[in-house]
Amino acid sequence: MRFGKLSALASVMTAAVTLAAPAHADVDTDFANQVHVYGIYGPRDYNAWLAKITCERLGNGVDTNAEKSAVFVSHNLQQGTSTSQTWQFLAAAIDTYCPEQQPVLAAVAGPKRSD
Amino acid sequence: MHRRRARQARKWPALRAGVAVLTGTVAAVVVPATASADATDDYPIPHRVIVTACTAEQLLAAARDFTPVYYQRYIIDKHNKSPGVQQAAIDNAHYFFSLSPADRRAYSEQMATNFADPMTASWPNWAKIFFNNKGVAAKETDNCANYPPNDASVWD
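For the protein sequence lines, the chains are A and B, in the order given. Each residue of the first sequence is one higher than the one before, counting from 8 in my numbering. Each residue of the second sequence is one higher than the one before, counting from 106 in my numbering.
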């Protein structure tokens, strides 16, 4: 009886630990999984840091628009990364680390301004 | 003795020529060590940094754009120092890049041996972004000419 209770408790705890794993994945891992979908690999921490730096540059005005941001990203992803992968990386970086910068991306996607 | 050897040399011009070639070889071996490029020109300061015409700010701007993680680490490290030490690092960098290549080479010799240098003592990695990594130095010197020479914001 007592053993039964214990084993039930143990299995609940095992389930809790097993199920918890995906829910507690950190943001950098989520980001890595996202860019893997686009075929962008390389060191996880490097990619995460590059994405965070990309956000910081948009925030402090080093990159004043998404094109400049994409140029920066393309210089620092592995050689052979395509233009579309570069933009996918940029979009994922903004979504993950600085969603407040999404208007910067929208400005590129929208109709060209006449200035 | 001397005269005899001279006379012998006159007798055998080939010997004289041989001595001349030998002297030339000795000179060739001795001279490059001090005068021109060899492998050791990269240590402790990379050759490209010694000969670059860029300012510290131009090199930092290139590092910011082409080796961003290395740059970010350096800037974080810098911000962890006291304001006085940070300013001293900037001043030291300005001083170094105001020197001629020959003087920078001399500075590098001195830097490698003078561990009592107060700048090095207070922040051993103060010039890491310029001196420590040949790959970073290559990217900096390849791209630095495209940046403004006096943009102090690259230090922040």
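Be a bit skeptical, because a hint or two may be false.
Unchecked claim - In silico lysine-lysine, PhoX-like type, Cα no more than 20 Å apart, as pairs: (1) K183(B) / K59(A); (2) K244(B) / K75(A); (3) K59(A) / K75(A); (4) K244(B) / K186(B); (5) K244(B) / K233(B); (6) K239(B) / K186(B).
As the list claims (entries may be wrong) - Calculated from the model, a selection of chain B residues having no Cβ within reach of chain A, i.e. all distances over 12 Å: (7) D146; (8) R178; (9) Q192; (10) N197; (11) H199; (12) Y212; (13) P223; (14) M224; (15) S227; (16) N238; (17) K244; (18) N255.
If you are wondering where the hints come from, they were derived from the structure by calculation, not from laboratory data. Here a beta-carbon is modelled for each residue, glycine too, at the ideal position from N, C-alpha and C.
Now the hints, each set against the structure:
1. K183(B) / K59(A): 19 Å, holds
2. K244(B) / K75(A): 19 Å, holds
3. K59(A) / K75(A): The hint holds at about 15 Å.
4. K244(B) / K186(B): The given pair, whose Cα atoms are some 26 Å apart, is violated under the 20 Å limit.
5. K244(B) / K233(B): 14 Å, holds
6. K239(B) / K186(B): 25 Å, violated
7. D146: 28 Å, holds
8. R178: 9 Å, violated
9. Q192: Holds: least Cβ distance 21 Å, greater than 12 Å.
10. N197: 25 Å, holds
11. H199: With a cut-off of 12 Å, H199(B) remains clear of chain A, as the shortest Cβ separation is near 22 Å.
12. Y212: At about 31 Å from chain A, Y212(B) clears the 12 Å cut-off, so the statement holds.
13. P223: 32 Å, holds
14. M224: Its Cβ never comes within 12 Å of chain A, the nearest being 28 Å, so this holds.
15. S227: 27 Å, holds
16. N238: 15 Å, holds
17. K244: 9 Å, violated
18. N255: 17 Å, holds
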